[in-house]
Amino acid sequence: MSDTPPDHTDFIHSEEFLHGLMKRQLKLSITCAAAFLIVLIGLPLANYMAPEFMAQRVGGFTLTWLVLGVLFFPFVWIIARLFITRSMALEEAEVHLAAEGNRNRKS
Amino acid sequence: MPATGSFDYYILAFSAITVIVTIWMGFRSAKTSKSASDFFVAGRSVSVGWNASAISGEYLSAASFMGIAGMVMLSGYDALWYPVCYACGYLFLLLFIAGPLRRFGAYTIPDFAEGRYDSPVFRKIAVCFVLFIGFFYTMPQMKGAGTTLAYIFPGLPYWVGVAVVGAVITLNVALGGMKGITLVQAVQYWIKMFAISVPVFVLMAVYGGYGSNLSVNKSAADAARPAAIEQSAAPSTMDAAAPVRSALPDKAPKDESWIAPFGPLTTKAVKSAAEALPEANRAAYLAEYQKPYSLLYTFSLIVALVCGTAGLPHILVRFYTNPDGVAAKKTTMWVMILIGVFYVFPPVFGVLGRNFLPELYSATGSKGPDKVVLELPTLIRQKYGVLGSILSGITCAGAFAAFMSTFSGLLVSMTGALAHDVYGRMLRPQSTAAERMKMFKWCAVLIGGVSVILGALVEPLEINFMVGQAFAIAAASYFPLLFMSVWWRGMTMKGAATGMLTGGLCALFAAAMVNVSTLAQDKGVMGKLFSGFNPMNTFWKEHPLLRILCEQPAIWSVPLSIGLMIIVSKATRRTIPADIRMKMLVLHAPEKLGLKQEYIQEHQAGAGH
Numbered sequence: 001m002s003d004t005p006p007d008h009t010d011f012i013h014s015e016e017f018l019h020g021l022m023k024r025q026l027k028l029s030i031t032c033a034a035a036f037l038i039v040l041i042g043l044p045l046a047n048y049m050a051p052e053f054m055a056q057r058v059g060g061f062t063l064t065w066l067v068l069g070v071l072f073f074p075f076v077w078i079i080a081r082l083f084i085t086r087s088m089a090l091e092e093a094e095v096h097l098a099a100e101g102n103r104n105r106k107s
Numbered sequence: 001m002p003a004t005g006s007f008d009y010y011i012l013a014f015s016a017i018t019v020i021v022t023i024w025m026g027f028r029s030a031k032t033s034k035s036a037s038d039f040f041v042a043g044r045s046v047s048v049g050w051n052a053s054a055i056s057g058e059y060l061s062a063a064s065f066m067g068i069a070g071m072v073m074l075s076g077y078d079a080l081w082y083p084v085c086y087a088c089g090y091l092f093l094l095l096f097i098a099g100p101l102r103r104f105g106a107y108t109i110p111d112f113a114e115g116r117y118d119s120p121v122f123r124k125i126a127v128c129f130v131l132f133i134g135f136f137y138t139m140p141q142m143k144g145a146g147t148t149l150a151y152i153f154p155g156l157p158y159w160v161g162v163a164v165v166g167a168v169i170t171l172n173v174a175l176g177g178m179k180g181i182t183l184v185q186a187v188q189y190w191i192k193m194f195a196i197s198v199p200v201f202v203l204m205a206v207y208g209g210y211g212s213n214l215s216v217n218k219s220a221a222d223a224a225r226p227a228a229i230e231q232s233a234a235p236s237t238m239d240a241a242a243p244v245r246s247a248l249p250d251k252a253p254k255d256e257s258w259i260a261p262f263g264p265l266t267t268k269a270v271k272s273a274a275e276a277l278p279e280a281n282r283a284a285y286l287a288e289y290q291k292p293y294s295l296l297y298t299f300s301l302i303v304a305l306v307c308g309t310a311g312l313p314h315i316l317v318r319f320y321t322n323p324d325g326v327a328a329k330k331t332t333m334w335v336m337i338l339i340g341v342f343y344v345f346p347p348v349f350g351v352l353g354r355n356f357l358p359e360l361y362s363a364t365g366s367k368g369p370d371k372v373v374l375e376l377p378t379l380i381r382q383k384y385g386v387l388g389s390i391l392s393g394i395t396c397a398g399a400f401a402a403f404m405s406t407f408s409g410l411l412v413s414m415t416g417a418l419a420h421d422v423y424g425r426m427l428r429p430q431s432t433a434a435e436r437m438k439m440f441k442w443c444a445v446l447i448g449g450v451s452v453i454l455g456a457l458v459e460p461l462e463i464n465f466m467v468g469q470a471f472a473i474a475a476a477s478y479f480p481l482l483f484m485s486v487w488w489r490g491m492t493m494k495g496a497a498t499g500m501l502t503g504g505l506c507a508l509f510a511a512a513m514v515n516v517s518t519l520a521q522d523k524g525v526m527g528k529l530f531s532g533f534n535p536m537n538t539f540w541k542e543h544p545l546l547r548i549l550c551e552q553p554a555i556w557s558v559p560l561s562i563g564l565m566i567i568v569s570k571a572t573r574r575t576i577p578a579d580i581r582m583k584m585l586v587l588h589a590p591e592k593l594g595l596k597q598e599y600i601q602e603h604q605a606g607a608g609h
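As they're listed, the protein sequences go chains H and G.
Each residue of the first sequence is one higher than the one before, starting from 1 at the first, in our numbering.
Each residue of the second sequence is one higher than the one before, starting from 1 at the first, in our numbering.
Just so you know, these hints were derived from the structure itself, not from any lab.
Mixed in with the good hints there might be a few duds.
As the list claims (entries may be wrong) - Using 27 Å as the maximum straight-line C-alpha spacing, the simulated DSS-like pairs for lysine-lysine come out as follows:
#  : chain 1 : residue 1 : chain 2 : residue 2
1  : G       : K523      : G       : K494
2  : G       : K494      : G       : K330
3  : H       : K27       : G       : K541
4  : G       : K592      : H       : K27
5  : G       : K254      : H       : K27
6  : G       : K592      : G       : K494
7  : G       : K528      : G       : K124
8  : G       : K570      : H       : K27
9  : H       : K23       : G       : K251
10 : G       : K291      : G       : K271
11 : H       : K23       : G       : K528
12 : G       : K494      : H       : K23
13 : G       : K271      : G       : K528
14 : G       : K330      : G       : K254
15 : G       : K268      : G       : K583
16 : G       : K367      : G       : K268
17 : G       : K367      : G       : K383
18 : G       : K523      : H       : K23
19 : G       : K251      : G       : K541
20 : G       : K383      : G       : K438
21 : G       : K541      : G       : K271
22 : G       : K330      : G       : K523
23 : G       : K124      : G       : K523
24 : G       : K251      : G       : K583
25 : G       : K367      : G       : K330
26 : G       : K330      : G       : K596
27 : G       : K124      : H       : K27
28 : G       : K367      : G       : K251
29 : G       : K367      : G       : K271
30 : G       : K251      : G       : K268
31 : H       : K23       : G       : K383
32 : H       : K23       : G       : K583
33 : G       : K592      : G       : K268
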């Protein structure tokens with residue numbers, strides 16, 4: 001931290017920066033959550049609407065048991081992995097944006 | 001099953017080793033953790049690998065280790081939602097809450113509540129909820145402890161097991177603090193992973209795989225196809241390759257409802273309502289209400305488990321033990337992998353237990369399906385002698401690791417709330433560090449004692465079911481608080497407090513109503529103690545929908561809580577904290593920009609330090 005008192009008129013402290021920041025973060029989170037929720041909510045609905053299809057046997061499992069008891073976990077890992085890489089990239093981009101924005105304001 | 005009155009030395013030896021190693025590590029680390037911040041958040045310097053193992057170790061409780069297997073055995077497919085949502089709730093935590101909270105950098109949820117709204121009053125409310133949810137969550141851990149000890153020492157009363165385990169862990173926490181706990185938790189994750197996976201592989205090698213054991217259970221669709229298959233409960237020899245199963249007792253659910261969705265777990269309320277009707281109307285009633293209500297039950301359960309994970313106090317505090325935000329994210333990823341892999345195994349025990357240990361269906365309390373994980377490996381004894389005892393010893397050790405680690409974690413966060421918040425901030429703000437350390441120990445003893453008493457009461461309730469309810473309460477209180485505070489700057493303290501209190505207390509009350517009426521049905525001591533609540537059961541029979549909504553309150557209590565937060569916040573718009581933009585920046589801007597330090601400086605300047 002520098003010794004100079006924080007300057008509240010710079011770009012980082014502007015409404016514009018905060019708004020954009022939150023919007024981009026929320027968009028990423030909501031996209032990932034949507035992918036997850038479609039499956040999470042869709043599975044009970046599939047069980048409800050198409051019970052026979054979901055009850056067919058796959059290697060001894062019923063299809064719905066296989067999806068919920070085994071395949072669901074790797075699916076969630078993929079979403080988590082995507083989110084983490086994207087959000088770290090997003091943070092990098094925000095740091096750049098903030099530096100650039102500050103420079104533009106001063107000049 | 002070990003003969004009554006005698007016990008198996010292998011099982012005893014493995015369990016004893018787990019307990020002794022746990023205590024030894026606690027005492028050892030007690031020497032190295034001296035300062036108050038060591039006790040509270042482990043000095044904030046735990047590596048990703050250690051921290052991920054520790055979070056997983058703390059998270060995989062008796063419910064995960066014993067409860068899921070018992071519930072899958074008892075209820076079949078529907079119970080699978082528990083392991084899946086326990087693991088996937090973490091995703092919500094990662095997506096919406098972990099990053100911002102970590103950047104804000106408060107010690108605990110009460111710290112966050114106070115920092116976000118500049119309100120010491122709100123801190124007190126949040127502290128109360130740490131204790132509420134914590135106690136709800138310790139009850140099933142205590143049942144796990146009582147069940148395991150009653151299994152190892154046949155004839156030992158359930159409550160003695162609860163008291164012994166409670167005392168041991170309380171002592172350990174009082175002497176070690178969280179620094180010790182991190183190491184202990186990490187080691188215990190690996191004990192649990194080993195203890196659940198190795199016996200599963202051995203059992204599958206002997207009794208056939210996961211899939212082939214499931215295929216023995218015929219679904220309605222299977223029965224329709226080849227007409228020859230009889231639905232009798234007799235030992236079947238339908239297929240030479242398929243494993244032979246034992247006969248199911250009358251109390252066991254039938255195959256077709258067990259393996260299919262919308263089975264015994266979610267249709268209980270409607271079924272008991274149908275029983276109260278005249279015989280002629282029953283089929284029509286069931287056809288009309290059974291499936292829609294059970295879909296509702298399923299959705300409500302999903303909401304509770306997914307949102308509830310994000311609100312568990314003892315899990316959130318761990319995000320602060322990471323050195324920075326990137327490490328916190330990496331930790332979450334590893335936690336999801338570690339617990340996801342683990343959660344594949346317990347349902348296998350449930351499936352095998354249904355086929356090979358059906359006599360457990362006839363027992364209740366600590367002798368029922370909740371102990372299938374412990375009991376199943378002993379079946380191998382008939383074929384391979386001592387290997388069965390060793391495997392059973394390993395699963396017992398895992399069970400010990402499970403309830404010891406979760407209970408320790410809960411005890412630390414509850415004691416932290418009591419010592420750090422109630423004593424250190426409210427009662428005696430001027431107390432010295434040494435006094436607070438001493439108080440930490442006394443608080444641990446107090447909370448441990450209360451947990452033991454509560455745990456002794458709940459023998460008739462299913463482990464996993466109780467954990468689900470703790471999640472429902474967390475989902476209706478902390479989750480809306482954290483989610484809305486992080487993402488909506490229009491929130492005011494009054495809005496947050498109203499929503500959290502109303503949602504959380506409604507869920508708590510609803511869950512408690514169902515629990516006391518279940519306890520009233522017990523045939524033992526608890527039935528007499530709670531017999532005053534018996535009329536509730538008649539009421540439930542007449543109103544199955546209400547029973548479902550009380551048993552799984554999340555589907556209405558979470559929206560209620562969020563709705564109230566929005567309405568009240570809008571009404572009290574004038575009280576939005578003045579520096580809200582700065583707070584939001586600290587929550588959301590990358591840590592590299594250094595806004596956190598700036599915020600602290602300004603706050604201290606403002607407070608006149």
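Comparing the hints with the structure gives:
Distance restraint check for K523/G and K494/G: the Cα-Cα separation of roughly 46 Å exceeds the 27 Å cut-off, and the hinted pair is therefore not satisfied. Straight-line distance between C-alpha atoms of K494/G and K330/G comes to about 35 Å, which puts the hinted pair past the 27 Å bound. Between the alpha carbons of K27/H and K541/G the distance comes to roughly 45 Å, so the proposed pair goes past 27 Å and is violated. For the hint pairing K592/G with K27/H, the CA-to-CA distance comes to about 21 Å; that is within 27 Å, so the pair holds.
With a C-alpha separation of about 46 Å, the suggested pair K254/G and K27/H falls outside the 27 Å cut-off, and the hint is violated. Restraint check for K592/G and K494/G: not satisfied, since their Cα atoms lie roughly 33 Å apart, outside the 27 Å limit. Restraint check for K528/G and K124/G: not satisfied, since their Cα atoms lie roughly 36 Å apart, outside the 27 Å limit. Between K570/G and K27/H the CA atoms are separated by roughly 24 Å; this keeps the pair inside 27 Å, and the hint holds.
Between K23/H and K251/G, the direct Cα distance comes to roughly 54 Å. Violation of the 27 Å bound is thereby established for this hinted pair. A distance of roughly 11 Å separates the Cα atoms of K291/G and K271/G; the hinted pair therefore holds under the 27 Å criterion. Among the hinted pairs, K23/H with K528/G is inconsistent with the structure: their alpha-carbon atoms are about 57 Å apart, more than 27 Å. With a C-alpha separation of about 25 Å, the suggested pair K494/G and K23/H falls inside the 27 Å cut-off, and the hint holds.
At roughly 25 Å between alpha-carbon atoms, K271/G and K528/G fall within 27 Å of each other, so this suggested pair holds. With a C-alpha separation of about 44 Å, the suggested pair K330/G and K254/G falls outside the 27 Å cut-off, and the hint is violated. Among the hinted pairs, K268/G with K583/G is inconsistent with the structure: their alpha-carbon atoms are about 47 Å apart, more than 27 Å. A distance of roughly 22 Å separates the Cα atoms of K367/G and K268/G; the hinted pair therefore holds under the 27 Å criterion.
Only pairs whose Cα atoms come within 27 Å are accepted, and K367/G paired with K383/G is accepted, the gap being roughly 24 Å. Straight-line distance between C-alpha atoms of K523/G and K23/H comes to about 57 Å, which puts the hinted pair past the 27 Å bound. For the proposed pair K251/G and K541/G, the alpha carbon gap of about 20 Å is at most 27 Å, so the pair holds. This hinted pair does not check out: K383/G and K438/G have alpha carbons roughly 54 Å apart, beyond 27 Å.
Restraint check for K541/G and K271/G: the C-alpha separation of about 9 Å stays at or below 27 Å, so the hint holds. A C-alpha spacing of about 49 Å is found between K330/G and K523/G, which places the hinted pair above 27 Å, so the restraint is violated. In summary, the hint linking K124/G to K523/G is not supported, as the alpha carbons are separated by about 40 Å, beyond the 27 Å threshold. Distance hint between K251/G and K583/G is unfulfilled; the C-alpha atoms sit about 57 Å from each other, more than 27 Å.
As the CA atoms of K367/G and K330/G are separated by approximately 41 Å, the hinted pair breaks the 27 Å bound. A threshold of 27 Å between alpha carbons decides the hint, and for K330/G with K596/G the separation of about 21 Å falls inside it, so the pair holds. Proximity of K124/G to K27/H is assessed by CA-CA distance (about 34 Å); at most 27 Å being required, the pair is judged violated. This hinted pair checks out: K367/G and K251/G have alpha carbons roughly 15 Å apart, not beyond 27 Å.
Pair hint K367/G plus K271/G holds up; C-alpha atoms about 25 Å apart against a cutoff of 27 Å. Proposed proximity of K251/G and K268/G is supported: the alpha carbons are some 14 Å apart, at most 27 Å. For the suggested pair K23/H and K383/G, the alpha carbons sit about 62 Å apart, so the restraint of at most 27 Å is broken. Between the alpha carbons of K23/H and K583/G the distance comes to roughly 16 Å, so the proposed pair stays at or under 27 Å and holds.
Restraint check for K592/G and K268/G: the C-alpha separation of about 53 Å exceeds 27 Å, so the hint is violated.
Hints 1, 2, 3, 5, 6, 7, 9, 11, 14, 15, 18, 20, 22, 23, 24, 25, 27, 31, 33, counting from the list given before, are not met by this structure.
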